[in-house]
Amino acid sequence: MDLMSSIEYFYIGEPTYLSDHVPISVILKCNICHTERKSHKNFTQLGVKYRWENTSRDKMIEVLGENFIKQQIRDFEDSQFEQTFSGIDKATSDIKNIFESLANKSCKIVRYKKYKQKILNRKPWVDHEVRDLKKTIKAKGAKLRREPFNLELKCNFFTHAKKLKK
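This note's numbering numbers the first residue of the sequence shown as 9 and each following residue consecutively.
As a list, the in silico EDC-like pairs of lysine to aspartate or glutamate whose alpha-carbon atoms are at most 20 Å apart:
no. : residue 1 : residue 2
1   : Lys98     : Asp83
2   : Lys170    : Glu160
3   : Lys57     : Glu22
Quick list of simulated restraints, FRET-style, between CB atoms:
no. : residue 1 : residue 2 : range
4   : Glu74     : Gly95     : 26 to 32 Å
5   : Phe157    : Tyr17     : 39 to 45 Å
6   : Val56     : Asp83     : 19 to 25 Å
Since the hints were derived computationally from the structure, they do not count as laboratory data.
Everything numeric in this text was worked out from a predicted model, so none of it was measured.
Cβ coordinates follow ideal geometry from the N, Cα and C atoms, glycine included.
Take these sequences, add in the hints, and give me the full structure.
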């Protein structure tokens, strides 16, 4: 089975002037009937984010010429996947591994700083009712902004706001 003939749709999105990320969309043909159901439990995105740089195109061409990647693609093309959910999971994990190995070798990995969580120093002699009440009012206000016509939320929000004014 030729992999290129099974690609129904491949699109590289346009970059915006504010971002250096470009979406890539791939749709593969398969002989499986699709039935609507909620998202699969094992479905995950790539664990790492990658950034496409000016040199990434040349690196991608170089990586596609390597024997290891060619062998991975050949193995994917030659394998016969079952037409069950486990077969689909195996096919998606195989293609995900191919994309990950390509991205690892050709794109820059984006790393984010981990922010330290602020340690709350609650003193036993201080009354924290006002701070806790403000926190609940803020949370209820956020819910009210999401659902402005919910009368129960409005009533609940305003009763807590009255308590704060006292």
